[in-house]
Amino acid sequence: MRFLPVSLTTFLVELAGLDETLALFASLEAEPLEGIEEMVPAARTLMIRFRPEQATAEDLAGAIAARDLSTRVAPSERLVEIPVRYDGEDLEEVARLTGLSVEEVIRRHTQSEFTVAFCGFAPGFGYLVGGDPALHVPRRQTPRTRIPAGSVALAGAFSGVYPQASPGGWQIIGVTPVKMWDLTRDPPALLEPGTRVRFYDCSRRAVPAPAAASESRSDTAAGTTASEDATRFTVRAAPIPALFQDSGRFGMSGQGVSASGALDRSALKTANRAVGNSSGAACLEITLGGFSFESSGRAVIALTGAPCPLTIKDRSGKSFEAGCCRPIPLEPGDVVTLGHPPKGMRSYLAVRGGFDVPKVLGSAATDTLAVIGPEPVAAGAVLAIRRPASPMESVSISETPGEDLPAVGDVVTLDVVMGPRTDWFTAAAIARFLDQEWLVTPQSSRVGIRLLGDVPLERIDRAELPSEGTATGAIQVPHNGQPVLFLADHPLTGGYPVIGTVAEYHLDLAGQIPVNARIRFRPVTRFAEIRPRRGARPGGRRHP
1 MRFLPVSLTT FLVELAGLDE TLALFASLEA EPLEGIEEMV PAARTLMIRF
51 RPEQATAEDL AGAIAARDLS TRVAPSERLV EIPVRYDGED LEEVARLTGL
101 SVEEVIRRHT QSEFTVAFCG FAPGFGYLVG GDPALHVPRR QTPRTRIPAG
151 SVALAGAFSG VYPQASPGGW QIIGVTPVKM WDLTRDPPAL LEPGTRVRFY
201 DCSRRAVPAP AAASESRSDT AAGTTASEDA TRFTVRAAPI PALFQDSGRF
251 GMSGQGVSAS GALDRSALKT ANRAVGNSSG AACLEITLGG FSFESSGRAV
301 IALTGAPCPL TIKDRSGKSF EAGCCRPIPL EPGDVVTLGH PPKGMRSYLA
351 VRGGFDVPKV LGSAATDTLA VIGPEPVAAG AVLAIRRPAS PMESVSISET
401 PGEDLPAVGD VVTLDVVMGP RTDWFTAAAI ARFLDQEWLV TPQSSRVGIR
451 LLGDVPLERI DRAELPSEGT ATGAIQVPHN GQPVLFLADH PLTGGYPVIG
501 TVAEYHLDLA GQIPVNARIR FRPVTRFAEI RPRRGARPGG RRHP
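1 is the number of the first residue of the sequence shown in full-length UniProt numbering; add one for each residue after it.
Derived from the structure by calculation, the hints contain no laboratory data. Mixed in with the good hints, there may be bad ones.
Said to hold, decoys possible - Heads up, simulated EDC-like pairs for lysine to aspartate or glutamate below, C-alpha to C-alpha not over 20 Å straight-line:
#1 K343 / D423
#2 K179 / D201
#3 K343 / E331
#4 K359 / E375
#5 K343 / D201
#6 K343 / D404
#7 K359 / D334
Construct the complete structure from the given sequences, taking the supplied hints into account.
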(Lines of atoms letter the chains of each structure in order from A and count residues from 1; the text may use other names and numbers.)
(Lines give C-alpha, C1' and ligand atoms only; values in the text may rest on other atoms or scores of the structure.)
Protein backbone atom coordinates (compact mmCIF):
# COMPACT_ATOMS: atom_id res chain seq x y z
CA MET A 1 0.00 0.00 0.00
CA ARG A 2 1.40 3.38 -1.05
CA PHE A 3 0.16 6.84 -0.09
CA LEU A 4 0.80 9.46 -2.76
CA PRO A 5 0.23 13.23 -2.49
CA VAL A 6 -2.33 14.82 -4.80
CA SER A 7 -2.95 18.26 -3.29
CA LEU A 8 -3.00 19.96 0.10
CA THR A 9 -6.34 18.29 0.87
CA THR A 10 -6.21 15.11 -1.21
CA PHE A 11 -4.07 12.00 -1.45
CA LEU A 12 -4.11 8.74 -3.39
CA VAL A 13 -3.96 5.28 -1.85
CA GLU A 14 -2.35 2.84 -4.29
CA LEU A 15 -3.20 -0.82 -3.70
CA ALA A 16 -2.32 -4.18 -5.22
CA GLY A 17 -5.44 -4.40 -7.35
CA LEU A 18 -9.15 -3.81 -7.73
CA ASP A 19 -10.22 -6.28 -5.03
CA GLU A 20 -8.10 -4.53 -2.40
CA THR A 21 -9.32 -1.13 -3.58
CA LEU A 22 -12.97 -2.10 -3.27
CA ALA A 23 -12.33 -3.74 0.10
CA LEU A 24 -10.74 -0.55 1.44
CA PHE A 25 -13.54 1.58 0.00
CA ALA A 26 -16.16 -0.67 1.64
CA SER A 27 -14.26 -0.62 4.95
CA LEU A 28 -14.07 3.18 5.01
CA GLU A 29 -17.74 3.50 4.11
CA ALA A 30 -18.73 1.07 6.86
CA GLU A 31 -16.41 2.60 9.47
CA PRO A 32 -15.62 6.19 8.39
CA LEU A 33 -12.55 8.05 9.56
CA GLU A 34 -12.96 11.56 10.94
CA GLY A 35 -11.89 14.14 8.39
CA ILE A 36 -12.54 12.20 5.17
CA GLU A 37 -14.93 14.16 2.94
CA GLU A 38 -15.02 12.19 -0.30
CA MET A 39 -13.57 9.03 -1.84
CA VAL A 40 -13.16 8.13 -5.52
CA PRO A 41 -12.36 4.43 -6.12
CA ALA A 42 -10.68 3.36 -9.34
CA ALA A 43 -8.84 0.37 -10.82
CA ARG A 44 -6.18 0.08 -8.11
CA THR A 45 -6.34 3.38 -6.26
CA LEU A 46 -8.62 5.20 -3.86
CA MET A 47 -8.48 9.00 -4.00
CA ILE A 48 -9.32 10.58 -0.65
CA ARG A 49 -10.26 14.22 -0.05
CA PHE A 50 -10.04 15.29 3.58
CA ARG A 51 -10.43 18.28 5.88
CA PRO A 52 -6.94 19.25 7.10
CA GLU A 53 -8.37 21.00 10.17
CA GLN A 54 -9.73 17.62 11.31
CA ALA A 55 -6.96 15.22 10.27
CA THR A 56 -3.55 15.12 8.63
CA ALA A 57 -2.69 12.99 5.63
CA GLU A 58 -0.13 11.11 7.75
CA ASP A 59 -2.68 10.29 10.47
CA LEU A 60 -5.25 9.13 7.93
CA ALA A 61 -2.63 7.04 6.13
CA GLY A 62 -1.71 5.37 9.42
CA ALA A 63 -5.33 4.50 10.17
CA ILE A 64 -5.95 3.28 6.62
CA ALA A 65 -2.82 1.10 6.61
CA ALA A 66 -4.20 -0.76 9.63
CA ARG A 67 -7.44 -1.74 7.88
CA ASP A 68 -8.11 -5.42 7.12
CA LEU A 69 -8.52 -5.85 3.34
CA SER A 70 -8.98 -9.61 3.30
CA THR A 71 -12.77 -9.44 2.98
CA ARG A 72 -13.96 -9.35 -0.61
CA VAL A 73 -16.93 -7.18 -1.54
CA ALA A 74 -19.93 -9.18 -2.75
CA PRO A 75 -21.94 -7.83 -5.70
CA SER A 76 -25.43 -6.51 -5.02
CA GLU A 77 -28.53 -8.54 -5.80
CA ARG A 78 -29.58 -6.02 -8.44
CA LEU A 79 -29.10 -7.32 -12.00
CA VAL A 80 -29.34 -5.09 -15.08
CA GLU A 81 -29.66 -6.73 -18.50
CA ILE A 82 -28.49 -4.62 -21.43
CA PRO A 83 -29.40 -5.36 -25.07
CA VAL A 84 -26.55 -4.89 -27.55
CA ARG A 85 -26.36 -4.78 -31.33
CA TYR A 86 -22.93 -6.28 -31.91
CA ASP A 87 -21.72 -4.35 -34.96
CA GLY A 88 -19.10 -2.06 -33.42
CA GLU A 89 -16.29 -0.53 -35.44
CA ASP A 90 -13.63 -2.43 -33.48
CA LEU A 91 -15.35 -5.83 -33.27
CA GLU A 92 -13.13 -7.39 -35.93
CA GLU A 93 -10.03 -5.80 -34.38
CA VAL A 94 -10.97 -7.27 -30.98
CA ALA A 95 -11.33 -10.67 -32.66
CA ARG A 96 -7.87 -10.26 -34.19
CA LEU A 97 -6.30 -9.16 -30.90
CA THR A 98 -7.82 -12.08 -28.98
CA GLY A 99 -7.36 -14.73 -31.68
CA LEU A 100 -11.08 -15.50 -31.52
CA SER A 101 -13.76 -15.37 -34.18
CA VAL A 102 -16.25 -12.50 -34.13
CA GLU A 103 -18.98 -14.96 -33.12
CA GLU A 104 -16.86 -16.24 -30.23
CA VAL A 105 -16.17 -12.69 -29.01
CA ILE A 106 -19.92 -12.04 -28.91
CA ARG A 107 -20.61 -15.38 -27.21
CA ARG A 108 -18.04 -14.78 -24.47
CA HIS A 109 -19.23 -11.21 -23.88
CA THR A 110 -22.88 -12.25 -23.54
CA GLN A 111 -22.13 -15.27 -21.34
CA SER A 112 -20.17 -13.22 -18.79
CA GLU A 113 -21.67 -11.61 -15.70
CA PHE A 114 -20.08 -8.26 -14.93
CA THR A 115 -20.07 -6.12 -11.80
CA VAL A 116 -19.81 -2.32 -11.67
CA ALA A 117 -16.53 -1.76 -9.83
CA PHE A 118 -16.63 2.05 -9.83
CA CYS A 119 -17.94 5.00 -11.85
CA GLY A 120 -16.01 7.79 -13.49
CA PHE A 121 -14.92 9.41 -16.76
CA ALA A 122 -18.47 10.69 -17.35
CA PRO A 123 -21.78 10.62 -15.42
CA GLY A 124 -23.26 7.14 -15.66
CA PHE A 125 -20.08 5.50 -16.98
CA GLY A 126 -19.56 2.31 -15.00
CA TYR A 127 -16.30 0.38 -15.13
CA LEU A 128 -17.43 -3.26 -15.39
CA VAL A 129 -15.26 -6.16 -14.21
CA GLY A 130 -15.68 -9.93 -14.17
CA GLY A 131 -15.73 -10.58 -17.90
CA ASP A 132 -13.92 -13.36 -19.73
CA PRO A 133 -10.12 -12.79 -19.45
CA ALA A 134 -9.81 -13.75 -23.12
CA LEU A 135 -11.49 -10.41 -23.95
CA HIS A 136 -8.89 -8.27 -22.19
CA VAL A 137 -7.62 -5.98 -24.95
CA PRO A 138 -5.61 -2.73 -24.92
CA ARG A 139 -7.04 0.71 -25.63
CA ARG A 140 -6.80 1.98 -29.20
CA GLN A 141 -3.45 3.55 -30.07
CA THR A 142 -5.28 6.66 -31.33
CA PRO A 143 -8.44 7.65 -29.42
CA ARG A 144 -11.50 8.63 -31.43
CA THR A 145 -12.62 12.25 -31.19
CA ARG A 146 -16.26 11.17 -30.92
CA ILE A 147 -17.86 7.91 -29.82
CA PRO A 148 -21.67 7.66 -30.07
CA ALA A 149 -23.78 7.42 -26.92
CA GLY A 150 -24.61 3.82 -26.03
CA SER A 151 -21.38 2.40 -27.46
CA VAL A 152 -20.40 -0.85 -25.71
CA ALA A 153 -16.64 -1.07 -25.35
CA LEU A 154 -13.66 -3.00 -23.98
CA ALA A 155 -10.34 -1.78 -22.56
CA GLY A 156 -7.93 -3.80 -20.46
CA ALA A 157 -9.90 -5.86 -17.94
CA PHE A 158 -12.94 -3.56 -18.19
CA SER A 159 -16.11 -3.37 -20.20
CA GLY A 160 -18.29 -0.28 -20.30
CA VAL A 161 -21.04 1.68 -22.03
CA TYR A 162 -20.52 5.30 -23.07
CA PRO A 163 -23.46 7.25 -21.59
CA GLN A 164 -23.17 10.13 -24.04
CA ALA A 165 -21.26 11.05 -27.17
CA SER A 166 -17.68 11.81 -26.17
CA PRO A 167 -14.05 11.25 -27.13
CA GLY A 168 -12.64 7.89 -26.09
CA GLY A 169 -10.00 5.26 -26.72
CA TRP A 170 -11.81 2.02 -25.84
CA GLN A 171 -12.49 -0.74 -28.40
CA ILE A 172 -16.11 -0.47 -29.61
CA ILE A 173 -17.86 -3.82 -30.11
CA GLY A 174 -21.51 -2.76 -30.25
CA VAL A 175 -24.22 -0.30 -29.27
CA THR A 176 -27.23 -0.34 -26.93
CA PRO A 177 -30.41 1.77 -27.03
CA VAL A 178 -30.60 1.78 -23.22
CA LYS A 179 -29.80 5.11 -21.56
CA MET A 180 -27.00 4.86 -19.02
CA TRP A 181 -27.66 8.38 -17.71
CA ASP A 182 -31.13 9.91 -17.52
CA LEU A 183 -31.99 12.86 -15.29
CA THR A 184 -35.66 11.82 -15.31
CA ARG A 185 -34.66 8.69 -13.36
CA ASP A 186 -33.94 8.48 -9.66
CA PRO A 187 -31.05 7.88 -9.46
CA PRO A 188 -30.04 9.12 -12.94
CA ALA A 189 -27.26 6.52 -13.37
CA LEU A 190 -28.51 3.09 -14.45
CA LEU A 191 -25.28 1.51 -13.23
CA GLU A 192 -23.91 2.13 -9.74
CA PRO A 193 -21.03 0.44 -7.91
CA GLY A 194 -21.92 -3.15 -7.04
CA THR A 195 -24.63 -3.55 -9.72
CA ARG A 196 -24.49 -6.85 -11.63
CA VAL A 197 -24.68 -6.55 -15.42
CA ARG A 198 -25.37 -8.96 -18.26
CA PHE A 199 -25.34 -8.14 -21.96
CA TYR A 200 -27.47 -9.94 -24.52
CA ASP A 201 -27.52 -9.94 -28.32
CA CYS A 202 -30.66 -8.05 -29.32
CA SER A 203 -30.62 -9.69 -32.77
CA ARG A 204 -31.53 -12.95 -30.99
CA ARG A 205 -33.84 -11.62 -28.29
CA ALA A 206 -36.52 -8.93 -28.24
CA VAL A 207 -35.73 -5.66 -26.51
CA PRO A 208 -38.37 -4.65 -23.92
CA ALA A 209 -40.04 -1.27 -24.29
CA PRO A 210 -38.43 1.44 -22.15
CA ALA A 211 -40.13 2.25 -18.85
CA ALA A 212 -42.06 5.50 -18.61
CA ALA A 213 -39.95 8.37 -17.37
CA SER A 214 -40.54 9.65 -13.88
CA GLU A 215 -40.64 13.33 -13.05
CA SER A 216 -37.43 15.30 -13.36
CA ARG A 217 -35.17 15.51 -10.33
CA SER A 218 -34.76 19.25 -10.63
CA ASP A 219 -35.43 20.96 -7.34
CA THR A 220 -36.09 24.52 -6.35
CA ALA A 221 -33.51 26.94 -5.05
CA ALA A 222 -33.97 28.72 -1.73
CA GLY A 223 -36.08 31.85 -1.83
CA THR A 224 -39.45 32.65 -3.33
CA THR A 225 -40.05 31.47 -6.89
CA ALA A 226 -40.50 34.33 -9.35
CA SER A 227 -44.10 35.46 -9.86
CA GLU A 228 -45.71 36.67 -13.06
CA ASP A 229 -44.88 40.30 -12.22
CA ALA A 230 -41.29 39.54 -11.18
CA THR A 231 -38.40 41.44 -12.71
CA ARG A 232 -36.88 39.78 -15.75
CA PHE A 233 -33.63 40.29 -17.61
CA THR A 234 -33.87 39.98 -21.40
CA VAL A 235 -30.47 39.11 -22.86
CA ARG A 236 -29.60 41.33 -25.83
CA ALA A 237 -26.08 40.09 -26.53
CA ALA A 238 -23.94 37.15 -25.43
CA PRO A 239 -20.96 36.65 -27.79
CA ILE A 240 -20.00 33.68 -25.63
CA PRO A 241 -23.08 32.16 -23.95
CA ALA A 242 -23.04 32.80 -20.21
CA LEU A 243 -23.36 29.92 -17.75
CA PHE A 244 -25.19 29.63 -14.46
CA GLN A 245 -22.71 28.64 -11.75
CA ASP A 246 -22.90 28.27 -8.00
CA SER A 247 -20.65 26.59 -5.44
CA GLY A 248 -21.07 23.23 -7.23
CA ARG A 249 -22.52 19.78 -6.61
CA PHE A 250 -20.59 17.59 -4.19
CA GLY A 251 -21.02 14.00 -3.07
CA MET A 252 -22.04 12.66 -6.49
CA SER A 253 -18.83 10.77 -7.31
CA GLY A 254 -20.63 7.43 -6.93
CA GLN A 255 -22.51 8.30 -10.13
CA GLY A 256 -19.46 9.66 -11.93
CA VAL A 257 -20.36 13.32 -11.43
CA SER A 258 -17.71 15.89 -10.49
CA ALA A 259 -18.43 19.07 -8.53
CA SER A 260 -18.32 21.67 -11.36
CA GLY A 261 -19.29 25.16 -10.09
CA ALA A 262 -17.74 28.61 -10.48
CA LEU A 263 -14.12 28.67 -11.64
CA ASP A 264 -13.46 31.73 -9.46
CA ARG A 265 -15.29 30.85 -6.25
CA SER A 266 -14.03 33.90 -4.41
CA ALA A 267 -15.55 36.19 -7.06
CA LEU A 268 -18.83 34.25 -6.88
CA LYS A 269 -19.01 34.76 -3.11
CA THR A 270 -18.11 38.44 -3.35
CA ALA A 271 -20.83 39.11 -5.95
CA ASN A 272 -23.45 37.41 -3.80
CA ARG A 273 -22.42 39.21 -0.60
CA ALA A 274 -22.62 42.54 -2.41
CA VAL A 275 -26.32 42.04 -3.18
CA GLY A 276 -27.26 40.31 0.09
CA ASN A 277 -27.56 36.73 -1.23
CA SER A 278 -26.16 33.59 0.35
CA SER A 279 -22.54 33.28 -0.75
CA GLY A 280 -23.08 30.13 -2.84
CA ALA A 281 -26.15 31.31 -4.79
CA ALA A 282 -26.21 30.93 -8.56
CA CYS A 283 -24.64 33.73 -10.60
CA LEU A 284 -24.02 34.18 -14.28
CA GLU A 285 -20.44 33.32 -15.22
CA ILE A 286 -19.62 35.58 -18.19
CA THR A 287 -16.52 34.86 -20.26
CA LEU A 288 -14.65 37.82 -21.84
CA GLY A 289 -17.50 40.32 -21.43
CA GLY A 290 -19.68 41.59 -24.28
CA PHE A 291 -22.82 40.55 -22.39
CA SER A 292 -25.85 42.88 -22.45
CA PHE A 293 -29.36 42.70 -20.99
CA GLU A 294 -32.42 44.86 -20.32
CA SER A 295 -34.15 44.86 -16.94
CA SER A 296 -37.96 44.89 -16.92
CA GLY A 297 -38.16 46.17 -13.35
CA ARG A 298 -36.22 47.28 -10.33
CA ALA A 299 -33.28 45.12 -9.30
CA VAL A 300 -29.91 45.25 -7.55
CA ILE A 301 -26.93 43.65 -9.28
CA ALA A 302 -23.19 43.30 -8.67
CA LEU A 303 -20.32 42.33 -10.96
CA THR A 304 -17.07 40.76 -9.78
CA GLY A 305 -14.17 38.73 -11.17
CA ALA A 306 -12.67 39.91 -14.46
CA PRO A 307 -13.15 43.71 -14.36
CA CYS A 308 -15.44 44.44 -17.30
CA PRO A 309 -16.34 48.08 -17.94
CA LEU A 310 -20.05 48.30 -17.07
CA THR A 311 -22.38 50.81 -18.74
CA ILE A 312 -26.04 51.41 -17.89
CA LYS A 313 -28.37 53.24 -20.31
CA ASP A 314 -31.74 54.32 -18.92
CA ARG A 315 -35.03 54.79 -20.79
CA SER A 316 -34.23 58.42 -21.54
CA GLY A 317 -31.05 57.38 -23.35
CA LYS A 318 -28.71 58.68 -20.67
CA SER A 319 -25.67 56.45 -20.01
CA PHE A 320 -23.44 56.19 -16.99
CA GLU A 321 -20.61 53.95 -15.79
CA ALA A 322 -20.80 51.70 -12.74
CA GLY A 323 -18.05 50.03 -10.75
CA CYS A 324 -17.36 46.43 -9.81
CA CYS A 325 -17.75 44.72 -6.42
CA ARG A 326 -20.59 46.94 -5.21
CA PRO A 327 -24.40 46.87 -5.35
CA ILE A 328 -25.83 48.62 -8.43
CA PRO A 329 -29.54 49.56 -8.48
CA LEU A 330 -31.46 49.14 -11.74
CA GLU A 331 -34.72 50.78 -12.82
CA PRO A 332 -37.27 49.45 -15.34
CA GLY A 333 -35.93 49.73 -18.89
CA ASP A 334 -32.26 50.00 -17.89
CA VAL A 335 -29.91 48.31 -20.36
CA VAL A 336 -26.68 46.95 -18.88
CA THR A 337 -23.71 46.33 -21.18
CA LEU A 338 -20.37 44.80 -20.26
CA GLY A 339 -17.23 45.68 -22.14
CA HIS A 340 -14.21 43.44 -22.66
CA PRO A 341 -12.12 42.91 -19.49
CA PRO A 342 -8.51 44.10 -19.80
CA LYS A 343 -7.43 41.23 -17.57
CA GLY A 344 -8.84 37.96 -16.33
CA MET A 345 -11.33 35.76 -18.15
CA ARG A 346 -14.54 35.35 -16.18
CA SER A 347 -16.91 37.84 -14.55
CA TYR A 348 -19.73 36.99 -12.15
CA LEU A 349 -23.10 38.74 -12.26
CA ALA A 350 -25.27 38.42 -9.15
CA VAL A 351 -28.77 39.80 -8.64
CA ARG A 352 -30.48 40.40 -5.31
CA GLY A 353 -32.88 37.52 -4.63
CA GLY A 354 -31.11 35.29 -7.12
CA PHE A 355 -31.90 33.99 -10.58
CA ASP A 356 -35.00 31.80 -10.85
CA VAL A 357 -33.15 28.75 -12.14
CA PRO A 358 -33.86 25.13 -11.12
CA LYS A 359 -31.25 22.97 -9.48
CA VAL A 360 -30.16 19.66 -11.01
CA LEU A 361 -28.73 17.10 -8.59
CA GLY A 362 -28.69 19.73 -5.87
CA SER A 363 -26.94 22.50 -7.81
CA ALA A 364 -27.66 25.14 -10.46
CA ALA A 365 -24.13 24.78 -11.88
CA THR A 366 -23.78 24.04 -15.59
CA ASP A 367 -21.26 21.22 -16.10
CA THR A 368 -20.08 21.58 -19.69
CA LEU A 369 -18.42 18.14 -19.88
CA ALA A 370 -21.21 16.13 -18.26
CA VAL A 371 -23.95 18.30 -19.87
CA ILE A 372 -25.73 18.69 -16.52
CA GLY A 373 -27.49 21.82 -15.33
CA PRO A 374 -29.22 24.81 -16.93
CA GLU A 375 -28.79 25.57 -20.62
CA PRO A 376 -26.18 28.19 -21.58
CA VAL A 377 -27.62 31.71 -21.68
CA ALA A 378 -27.61 33.17 -25.20
CA ALA A 379 -29.07 36.30 -26.81
CA GLY A 380 -32.87 36.29 -26.56
CA ALA A 381 -33.00 34.43 -23.26
CA VAL A 382 -35.34 35.82 -20.59
CA LEU A 383 -34.12 35.37 -17.02
CA ALA A 384 -36.60 35.62 -14.16
CA ILE A 385 -35.44 37.01 -10.82
CA ARG A 386 -36.54 35.70 -7.44
CA ARG A 387 -37.64 37.92 -4.62
CA PRO A 388 -35.20 37.87 -1.69
CA ALA A 389 -35.94 35.19 0.90
CA SER A 390 -35.84 38.00 3.46
CA PRO A 391 -36.16 41.71 2.62
CA MET A 392 -34.03 42.42 5.69
CA GLU A 393 -30.88 40.92 4.16
CA SER A 394 -28.49 43.84 3.72
CA VAL A 395 -26.29 44.52 0.72
CA SER A 396 -22.56 45.01 1.21
CA ILE A 397 -20.74 48.17 0.16
CA SER A 398 -17.39 47.10 1.59
CA GLU A 399 -16.45 44.36 -0.90
CA THR A 400 -13.12 44.74 -2.70
CA PRO A 401 -11.63 43.04 -5.77
CA GLY A 402 -9.46 39.99 -5.12
CA GLU A 403 -5.88 39.60 -6.24
CA ASP A 404 -4.72 41.31 -9.42
CA LEU A 405 -5.76 39.19 -12.40
CA PRO A 406 -3.48 38.25 -15.32
CA ALA A 407 -3.71 39.75 -18.80
CA VAL A 408 -2.78 38.32 -22.19
CA GLY A 409 1.01 37.99 -22.36
CA ASP A 410 1.50 37.92 -18.58
CA VAL A 411 3.42 35.15 -16.85
CA VAL A 412 1.42 33.64 -13.97
CA THR A 413 3.05 31.59 -11.23
CA LEU A 414 0.93 28.79 -9.77
CA ASP A 415 1.94 26.80 -6.71
CA VAL A 416 1.76 23.03 -7.21
CA VAL A 417 1.90 19.94 -5.03
CA MET A 418 4.08 17.41 -6.84
CA GLY A 419 2.47 14.00 -7.31
CA PRO A 420 0.92 11.54 -7.45
CA ARG A 421 2.76 10.31 -10.57
CA THR A 422 5.80 12.57 -10.63
CA ASP A 423 8.01 9.47 -10.56
CA TRP A 424 6.66 8.43 -13.96
CA PHE A 425 8.72 11.24 -15.53
CA THR A 426 12.43 11.66 -16.16
CA ALA A 427 14.45 13.95 -13.91
CA ALA A 428 14.94 16.26 -16.90
CA ALA A 429 11.18 16.37 -17.53
CA ILE A 430 10.45 17.24 -13.89
CA ALA A 431 13.00 20.05 -14.02
CA ARG A 432 11.57 21.26 -17.34
CA PHE A 433 8.02 21.20 -15.95
CA LEU A 434 9.10 23.65 -13.22
CA ASP A 435 11.55 25.78 -15.22
CA GLN A 436 9.74 26.12 -18.54
CA GLU A 437 6.98 28.63 -19.29
CA TRP A 438 3.77 27.04 -20.56
CA LEU A 439 1.56 28.86 -23.09
CA VAL A 440 -2.22 28.82 -22.53
CA THR A 441 -3.71 27.68 -25.86
CA PRO A 442 -7.10 28.52 -27.44
CA GLN A 443 -8.18 24.89 -26.93
CA SER A 444 -8.64 25.64 -23.21
CA SER A 445 -12.09 25.48 -21.61
CA ARG A 446 -13.86 24.93 -18.30
CA VAL A 447 -12.74 21.31 -18.52
CA GLY A 448 -9.08 22.22 -18.55
CA ILE A 449 -6.32 24.55 -19.68
CA ARG A 450 -4.38 22.99 -22.55
CA LEU A 451 -0.76 24.05 -22.33
CA LEU A 452 2.03 24.18 -24.87
CA GLY A 453 5.71 24.12 -23.99
CA ASP A 454 8.76 24.40 -26.23
CA VAL A 455 9.88 20.95 -25.09
CA PRO A 456 7.30 18.27 -24.17
CA LEU A 457 7.63 16.22 -20.99
CA GLU A 458 9.18 12.77 -21.31
CA ARG A 459 8.08 9.78 -19.26
CA ILE A 460 10.21 7.03 -17.73
CA ASP A 461 7.25 4.70 -17.34
CA ARG A 462 5.44 4.30 -20.65
CA ALA A 463 2.99 1.73 -19.32
CA GLU A 464 -0.73 2.35 -19.62
CA LEU A 465 -1.95 3.92 -16.38
CA PRO A 466 -5.12 2.29 -15.04
CA SER A 467 -7.87 4.88 -14.59
CA GLU A 468 -7.64 6.74 -11.29
CA GLY A 469 -9.32 9.69 -9.60
CA THR A 470 -8.34 13.21 -10.58
CA ALA A 471 -8.69 16.40 -8.55
CA THR A 472 -9.51 19.91 -9.71
CA GLY A 473 -6.13 21.46 -10.50
CA ALA A 474 -4.55 18.15 -11.56
CA ILE A 475 -1.94 18.56 -14.30
CA GLN A 476 -2.30 15.52 -16.50
CA VAL A 477 0.30 14.71 -19.15
CA PRO A 478 -0.97 12.77 -22.20
CA HIS A 479 1.24 10.91 -24.67
CA ASN A 480 2.26 14.09 -26.52
CA GLY A 481 3.95 15.45 -23.37
CA GLN A 482 1.95 18.71 -23.37
CA PRO A 483 0.12 19.13 -20.02
CA VAL A 484 -3.57 19.73 -19.40
CA LEU A 485 -4.51 21.59 -16.19
CA PHE A 486 -7.91 20.30 -15.07
CA LEU A 487 -10.52 22.88 -14.04
CA ALA A 488 -13.94 22.44 -12.43
CA ASP A 489 -15.63 20.48 -15.26
CA HIS A 490 -12.88 17.85 -15.48
CA PRO A 491 -13.64 14.10 -15.67
CA LEU A 492 -13.79 12.33 -12.32
CA THR A 493 -11.19 9.77 -13.41
CA GLY A 494 -8.37 9.89 -15.92
CA GLY A 495 -5.94 7.53 -17.60
CA TYR A 496 -2.83 9.70 -17.98
CA PRO A 497 -0.24 10.37 -15.25
CA VAL A 498 -0.63 13.52 -13.15
CA ILE A 499 2.74 15.18 -12.52
CA GLY A 500 1.39 17.69 -10.00
CA THR A 501 -1.73 19.51 -8.81
CA VAL A 502 -2.31 23.25 -8.39
CA ALA A 503 -2.62 24.22 -4.72
CA GLU A 504 -6.23 24.88 -3.72
CA TYR A 505 -5.55 28.56 -2.93
CA HIS A 506 -4.48 29.17 -6.55
CA LEU A 507 -7.45 27.47 -8.26
CA ASP A 508 -9.43 30.73 -8.54
CA LEU A 509 -6.43 32.37 -10.18
CA ALA A 510 -6.06 29.44 -12.59
CA GLY A 511 -9.68 29.92 -13.66
CA GLN A 512 -8.93 33.54 -14.66
CA ILE A 513 -5.83 32.95 -16.84
CA PRO A 514 -6.56 34.09 -20.41
CA VAL A 515 -5.46 32.48 -23.65
CA ASN A 516 -1.90 33.47 -24.67
CA ALA A 517 -0.83 34.13 -21.11
CA ARG A 518 1.95 31.89 -19.80
CA ILE A 519 2.18 29.76 -16.68
CA ARG A 520 5.12 28.80 -14.50
CA PHE A 521 4.75 26.13 -11.84
CA ARG A 522 6.34 26.54 -8.40
CA PRO A 523 6.51 23.44 -6.17
CA VAL A 524 5.13 23.74 -2.65
CA THR A 525 7.01 20.56 -1.78
CA ARG A 526 9.10 18.08 -3.72
CA PHE A 527 7.50 14.76 -4.53
CA ALA A 528 7.64 12.20 -1.73
CA GLU A 529 5.34 9.43 -0.59
CA ILE A 530 3.24 10.16 2.49
CA ARG A 531 4.57 8.28 5.52
CA PRO A 532 1.78 6.77 7.62
CA ARG A 533 1.83 7.91 11.23
CA ARG A 534 1.15 4.82 13.30
CA GLY A 535 -0.87 4.97 16.50
CA ALA A 536 -2.59 8.26 15.65
CA ARG A 537 -6.30 8.93 15.51
CA PRO A 538 -7.50 11.20 12.68
CA GLY A 539 -8.26 14.50 14.35
CA GLY A 540 -4.71 14.95 15.60
CA ARG A 541 -4.79 13.04 18.90
CA ARG A 542 -2.36 10.19 19.55
CA HIS A 543 -3.28 6.95 21.28
CA PRO A 544 -2.07 6.95 24.90
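Among the hints numbered above, which are violated by the structure, and what are their numbers in rising order? 1, 3, 5 and 7
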